[in-house]
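Q: So the chains spell out like this:
2 protein chains.
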Amino acid sequence: MKVYLAQQNYHIGNFALNKDKIISAVHHAKQSGADLIVFSELSVCGYPPLDFLEFEDFILHVESTVKDIALHSFDIGIILGAPTRNLQREGKDLFNSGLLLYNGEVQGEVHKTLLPTYDVFDEYRYFEPAFNWNVLTFKGKKIALTICEDIWNLGDNPLYRICPMDELMKQSPDLMINISASPFDYHHDEDRKEVIRLNVMKYKLPMIYCNTVGSQTEIVFDGGSLVYDRNGNLVHELNYFEEDIVVVDTATLEGPSLATSSNEKKSQHIDIDTRKIEDAEGIISRLTDINSISQIKTALVLGIKDYFTKMGFSKAILGSSGGIDSAVVLTLAVEALGSENVTAVLMPSAFSSEHSIEDAVSLSKKLGTPYHVVSIESIYDTFLDALDPLFGGTPFGVAEENIQSRSRGNILMAIANKFGFVLLNTSNKSELATGYGTLYGDMAGGISVLGDLYKVQVYALANYINRAGEIIPQHIIDKAPSAELRPGQKDSDSLPEYDVLDAVLYLYIEQQMGPSEIIAKGFDETLVRRVLKMVNSNEYKRNQFCPIIRVSSKAFGIGRRVPIVAKYLS
Amino acid sequence: MKVYLAQQNYHIGNFALNKDKIISAVHHAKQSGADLIVFSELSVCGYPPLDFLEFEDFILHVESTVKDIALHSFDIGIILGAPTRNLQREGKDLFNSGLLLYNGEVQGEVHKTLLPTYDVFDEYRYFEPAFNWNVLTFKGKKIALTICEDIWNLGDNPLYRICPMDELMKQSPDLMINISASPFDYHHDEDRKEVIRLNVMKYKLPMIYCNTVGSQTEIVFDGGSLVYDRNGNLVHELNYFEEDIVVVDTATLEGPSLATSSNEKKSQHIDIDTRKIEDAEGIISRLTDINSISQIKTALVLGIKDYFTKMGFSKAILGSSGGIDSAVVLTLAVEALGSENVTAVLMPSAFSSEHSIEDAVSLSKKLGTPYHVVSIESIYDTFLDALDPLFGGTPFGVAEENIQSRSRGNILMAIANKFGFVLLNTSNKSELATGYGTLYGDMAGGISVLGDLYKVQVYALANYINRAGEIIPQHIIDKAPSAELRPGQKDSDSLPEYDVLDAVLYLYIEQQMGPSEIIAKGFDETLVRRVLKMVNSNEYKRNQFCPIIRVSSKAFGIGRRVPIVAKYLS
Numbered sequence: 001m002k003v004y005l006a007q008q009n010y011h012i013g014n015f016a017l018n019k020d021k022i023i024s025a026v027h028h029a030k031q032s033g034a035d036l037i038v039f040s041e042l043s044v045c046g047y048p049p050l051d052f053l054e055f056e057d058f059i060l061h062v063e064s065t066v067k068d069i070a071l072h073s074f075d076i077g078i079i080l081g082a083p084t085r086n087l088q089r090e091g092k093d094l095f096n097s098g099l100l101l102y103n104g105e106v107q108g109e110v111h112k113t114l115l116p117t118y119d120v121f122d123e124y125r126y127f128e129p130a131f132n133w134n135v136l137t138f139k140g141k142k143i144a145l146t147i148c149e150d151i152w153n154l155g156d157n158p159l160y161r162i163c164p165m166d167e168l169m170k171q172s173p174d175l176m177i178n179i180s181a182s183p184f185d186y187h188h189d190e191d192r193k194e195v196i197r198l199n200v201m202k203y204k205l206p207m208i209y210c211n212t213v214g215s216q217t218e219i220v221f222d223g224g225s226l227v228y229d230r231n232g233n234l235v236h237e238l239n240y241f242e243e244d245i246v247v248v249d250t251a252t253l254e255g256p257s258l259a260t261s262s263n264e265k266k267s268q269h270i271d272i273d274t275r276k277i278e279d280a281e282g283i284i285s286r287l288t289d290i291n292s293i294s295q296i297k298t299a300l301v302l303g304i305k306d307y308f309t310k311m312g313f314s315k316a317i318l319g320s321s322g323g324i325d326s327a328v329v330l331t332l333a334v335e336a337l338g339s340e341n342v343t344a345v346l347m348p349s350a351f352s353s354e355h356s357i358e359d360a361v362s363l364s365k366k367l368g369t370p371y372h373v374v375s376i377e378s379i380y381d382t383f384l385d386a387l388d389p390l391f392g393g394t395p396f397g398v399a400e401e402n403i404q405s406r407s408r409g410n411i412l413m414a415i416a417n418k419f420g421f422v423l424l425n426t427s428n429k430s431e432l433a434t435g436y437g438t439l440y441g442d443m444a445g446g447i448s449v450l451g452d453l454y455k456v457q458v459y460a461l462a463n464y465i466n467r468a469g470e471i472i473p474q475h476i477i478d479k480a481p482s483a484e485l486r487p488g489q490k491d492s493d494s495l496p497e498y499d500v501l502d503a504v505l506y507l508y509i510e511q512q513m514g515p516s517e518i519i520a521k522g523f524d525e526t527l528v529r530r531v532l533k534m535v536n537s538n539e540y541k542r543n544q545f546c547p548i549i550r551v552s553s554k555a556f557g558i559g560r561r562v563p564i565v566a567k568y569l570s
Numbered sequence: 001m002k003v004y005l006a007q008q009n010y011h012i013g014n015f016a017l018n019k020d021k022i023i024s025a026v027h028h029a030k031q032s033g034a035d036l037i038v039f040s041e042l043s044v045c046g047y048p049p050l051d052f053l054e055f056e057d058f059i060l061h062v063e064s065t066v067k068d069i070a071l072h073s074f075d076i077g078i079i080l081g082a083p084t085r086n087l088q089r090e091g092k093d094l095f096n097s098g099l100l101l102y103n104g105e106v107q108g109e110v111h112k113t114l115l116p117t118y119d120v121f122d123e124y125r126y127f128e129p130a131f132n133w134n135v136l137t138f139k140g141k142k143i144a145l146t147i148c149e150d151i152w153n154l155g156d157n158p159l160y161r162i163c164p165m166d167e168l169m170k171q172s173p174d175l176m177i178n179i180s181a182s183p184f185d186y187h188h189d190e191d192r193k194e195v196i197r198l199n200v201m202k203y204k205l206p207m208i209y210c211n212t213v214g215s216q217t218e219i220v221f222d223g224g225s226l227v228y229d230r231n232g233n234l235v236h237e238l239n240y241f242e243e244d245i246v247v248v249d250t251a252t253l254e255g256p257s258l259a260t261s262s263n264e265k266k267s268q269h270i271d272i273d274t275r276k277i278e279d280a281e282g283i284i285s286r287l288t289d290i291n292s293i294s295q296i297k298t299a300l301v302l303g304i305k306d307y308f309t310k311m312g313f314s315k316a317i318l319g320s321s322g323g324i325d326s327a328v329v330l331t332l333a334v335e336a337l338g339s340e341n342v343t344a345v346l347m348p349s350a351f352s353s354e355h356s357i358e359d360a361v362s363l364s365k366k367l368g369t370p371y372h373v374v375s376i377e378s379i380y381d382t383f384l385d386a387l388d389p390l391f392g393g394t395p396f397g398v399a400e401e402n403i404q405s406r407s408r409g410n411i412l413m414a415i416a417n418k419f420g421f422v423l424l425n426t427s428n429k430s431e432l433a434t435g436y437g438t439l440y441g442d443m444a445g446g447i448s449v450l451g452d453l454y455k456v457q458v459y460a461l462a463n464y465i466n467r468a469g470e471i472i473p474q475h476i477i478d479k480a481p482s483a484e485l486r487p488g489q490k491d492s493d494s495l496p497e498y499d500v501l502d503a504v505l506y507l508y509i510e511q512q513m514g515p516s517e518i519i520a521k522g523f524d525e526t527l528v529r530r531v532l533k534m535v536n537s538n539e540y541k542r543n544q545f546c547p548i549i550r551v552s553s554k555a556f557g558i559g560r561r562v563p564i565v566a567k568y569l570s
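Just so you know, the sequences run in chain order A and B.
According to this note's numbering, the first sequence is numbered sequentially starting from 1.
According to this note's numbering, the second sequence is numbered sequentially starting from 1.
Chain copies aren't distinguished; within one or between two, either way the pair holds.
Only pairs whose alpha carbons sit at most 30 Å apart, straight line, appear in this in silico BS3-like list of lysine-lysine:
id: 1; residue 1: 567; residue 2: 67
id: 2; residue 1: 479; residue 2: 533
id: 3; residue 1: 67; residue 2: 533
id: 4; residue 1: 533; residue 2: 21
id: 5; residue 1: 567; residue 2: 541
id: 6; residue 1: 19; residue 2: 567
id: 7; residue 1: 490; residue 2: 366
id: 8; residue 1: 554; residue 2: 305
id: 9; residue 1: 2; residue 2: 170
id: 10; residue 1: 490; residue 2: 521
id: 11; residue 1: 533; residue 2: 19
id: 12; residue 1: 541; residue 2: 418
id: 13; residue 1: 541; residue 2: 479
id: 14; residue 1: 554; residue 2: 92
It is worth saying that the hints were derived from the structure and are not from the lab.
Chain A with its partners taken away, still in its complex shape (with noise of 0.2 Å):
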C-alpha cells in the first residue's frame, strides 16, 4: 500500500483555504499512484481552533467540508483530522477525531483518547475522550489509527491512567498511523522522535507519524513529520518549518521483526524529560546551544511571516534604539518579510546616547530598511509641562521614564495606525518575566519576536546571526545593554547580570522549581527572592502583552497561567 504524506499549514477556520490545500494534495497523491493520502490533527479547521467549536455554526463547516472533500475520495483513502458530533447523550458534545474517507463518504471515524490539557492546550475543554477503540480496515490492511498524545502516555510518570494503543493492538493491526499537531520547542523535535520509537519498538509496528506546520498566533508547528519500519529505523524525516510530502509504500516497512534487546525494553521506562535534574552550570550552555538557537532562528522567521500572511497584513513597523534587541528582530523581520516591508523608526530622547543613532542607522542601511528619525524631545517636555500642576517639585522617577517610552509607543502606533502597518514588539523574556519594560510603551505591539528569548540568547541569536559576516554592527552586541530612559542608565543598575538573572528565571519558569530548590542548586538566596518576587509581582504586565512566538517549553502567555491577584512568591 502506497501512502501518502501531506504535512500542510492552514488557516484557523478558513475553509475554503484548507480545503483547497487538502484537495490539491489528494490530486497530486493520486498522480503519483498513493491509495491513501494523510492529513494532520484538526486538518479541516487548523489546530487550535479554540472556542470557536463551541459554535455549532463553525461544526456545521466543519462538516461541509468534509463531505466537499469525501467526493475526491473515490479512486484513494484520505485520512484526515476534524472535530466530530459526539452522539450520544453524556459527555461533550465533540470528539477529536480521525476520519477516513473512501467512496465519496466517511468510512471510518476514530476518536482521540488522551486530551491534552496543560501548557498551551485546552482540548479537554471542548471535547470528551474516547471510550472505544478500533482499528480502521483499508485494503486489506487493519490500520491503528491514533492522534498525537494519544501515543505519548510513556515514561515512569504517565499522565492518563488508559493507553489507546494497547487497546487497539488487541485487533492485531499492521500499521500504525499518528495524526497530530505537535509544537515546535527548541528540545521537542528529539523527544518527538524518541516516543515515536518507544512506540514503534514497544508494538513492533511500522509507524507513519504526520504533524502540521505553521505558527498559529503564538504556538510554532515545526512539521517534521516521520516514517519509521516496524524494526524503529527512521526511514523518513519531513522537512522542518516548512509543507513538504513523502511518499512511502508500507511493504518496505513490514520487514520482519527482530527481537527486542534488553536494552530498549529499558528504555520504555526511562523518563523522557531527564533534563529536569540538570545542574546549573549547564543551564546558559543550553540556552545558548548553537543547535537550539539555529533551529529558534528559523521558527522565529516562520512566526513572523505566519502571523501577517493569516492576519493578511504584509508591512511592518518596529522602533529601532540601536539597541541589541532590535536589531535582532530588524533582522528577522527583513527576512521574513523583505527589506522592503519593514520600516525602522528611530526615536531620541535628550538621554539617547550618540551611537545609539548610529548603531540604528548603520543596521538600517546595511539591511536596506526604510528608517525615520522622530524626536520625542519635545513630546517629552510638552508631557511635563502639561502634568507640572501634579508633577512639580517630585523627583524624577519612573513616572518619567514611562512617558517617554508611552510617547514613543504612541508615535509607533500612529505610524502603524496611518499606513495599515503591523507593530513589532521588541521585549525579551529577560524583560518580561522581571516587569522591566513600559505597559503600553516598549511593551506594545501586535506580535511579540524575542518575548521567548532569555536576554542571553537574544545575544546568541545574534552572534548566529553574524556567524558568516556582519550583520548586526558589533558595537550593537558589545555595548552595555540600556533603557536610556535616564542618563547614564544600564539595565544591570536594577537587574542581575543576565548570566546570573536568565538561569534563575529559567529554573523558575521552565523548571518550575521554588525558591528553596532553585538556592539549593548554589544561587544567593537574596537575589533569588528577589526575582521571583519581580516575576510574581509583574502578573499584570504580561496579562495584557501582545502573542508571543513560543520557542520553549513555557513561554509567557496562554501556555502560562498565573493568577494576577495573588500573593504567592510576591
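Given the structure of chain A, go ahead and fit chain B onto it with the hints provided.
A: Leaving out everything else, chain B in the frame of chain A:
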C-alpha cells in the same frame, strides 16, 4: 450534629492569611458548640490557583498549612478544600480534594470527580478525576461529601459520563455536603438553587452547600451558601457578596421524606438553561432587568474593592470624560474605595464639547472626589508636528484619533506611576466587542469595571444608581454617546444603535449563535455579518486588554478563548 458553615473570602496563595481566617472561624465554631465546621473548595490556597499548582513549593505550602489547621481539630471536625497528591503512578499528580480533619490529623479525604474545564474553568489542566467514592463517617453520620461541579451533572445533556452522588448513594449516606467555588453571573444564583434542590429531591437527603465569596482577579464568587432539608425546603440562605456564617443542627434537616410528586420527577429532566431558546425581543429587557442590574452593581463594587485590597493598593485614578461610562465607573469606585481615594482626570482636547468638562466637574463635585484638568491640546499638536514629515498631506483619520486617546492613556499612567494609583478602565462590552476603542489609549488600565456590561446595561446601571435621587448628572445619561475624537463625532457614526447592536452581540457572545441563527431572529443580514466581523477581527485588541470583572455567563477574558490569527466570520 451541629454544623457551622463558613462562607469566606480567600486570597490566592496567601497561606498565612487564609490559615488565620480558617482558624479564627474554627474557634468561633467551637464557642458556638458546633461538632463540624465546613469551608469552601480549595479554601486553603484560594480558588483558582491556576499554574501555582504546578509548583512543588506551592503544594508543600498547602500541606504545611493543612497540618497547622489540623492542630485545631481536637474538639471539632473540619471540612476544608485543598489540592492533594495523587499517589498512583498513572494520571495527573494532584486531586482537587475535600479533607476531613479531626483529632489533629486528616481523617478523611474525597476527590472531585467532575472537573469543570470550560468557560473560566481549567480544572482538568491540574487534577485527576476521582475514580473511587466513599462516604466520610463522622460522629456516627455518613456524609456524602462532594465538590462543586460534582452535583451539577443533571439535565438532558449531561456534560460527564459519570455521576459521583449515584456512586456515593450505594453507601447510604445521611447527609450531603458540597463545598464549592461557584462564581456569580447575573442568572447563576437561580440555576444554583435549582440544581441543589434537584439533588435533594433526587437523593432525598439534606444538603449543606458551602460556597466561597470574594473576587479573584476577574471572577466574582458571590457566596449565597445554602442549606436544604431532605424535603427540598430551603432552610438557610447566606448573604451574597460578603462573608457570612450559619450554624445548623442536622437533626432539623432530617425529617421524614415526603413522597416524590410526579412534577418533581419530571423537573429532573428539564434543561436548566431554558433561556437559550428565548426570542430576540426579550434580550434587551433581560439585559437591563432591574434585579440583575442591582446584583451586577454589588458584584462590581466587590470586584473593585477586592482587586485593590488583594493587590495591596488603595487609590484609583480614571479618565473622566463627561460620558456615561466613566461616570458610572467613578460612582462605583467611590462606593468601593471611598471618595478621597478616587482621582478623576479630565483631559479635554479641541474636539471636546463644553458640556463634557462641565458634566465631569459636576459629577466629581457631587461625589466629592479630587479631580484635575490636564489638557491634551498642546501634546496632540506636538505629536502632529513630530509626525508631519511622515503624515503631512494625509487626511485626518483613525491615526489622529488614536494619538489623542493614547496621549490621555499616557497622562493617566504617568499620574498613576507617580503617586502609586491604579488606573481603572472604563470601556464597556459593546466597545470591546466591536473594537471601538484605542489600544494603549482608552483601553488602558489595571482592571476593567464595565467590560462585561453592554452599553444598554451601562445605561440601566446609571439609572439604577440614580434611583433615589440624581447622583450622575442627568445630562450625562441623556446626551448621545461620543468618543469626541473628531468634530461632531457620535458613536452611531461607526456603530449600529446600541439597542440593536447589543442584542446581536448577546446572541453571538453569550448564546454562541452563528450568523444564520441570528438572522433568523429577524435581524438585518448585512448588519449581522458586519457586527460579527467586527467582533472576530478585533480579537487582537481584546487579547491585550486588562482583566474584566465578570458578571455575565460569557465575559471577554479567560472564559472566552478565540484564536487571534484566524479567518472565521472575519
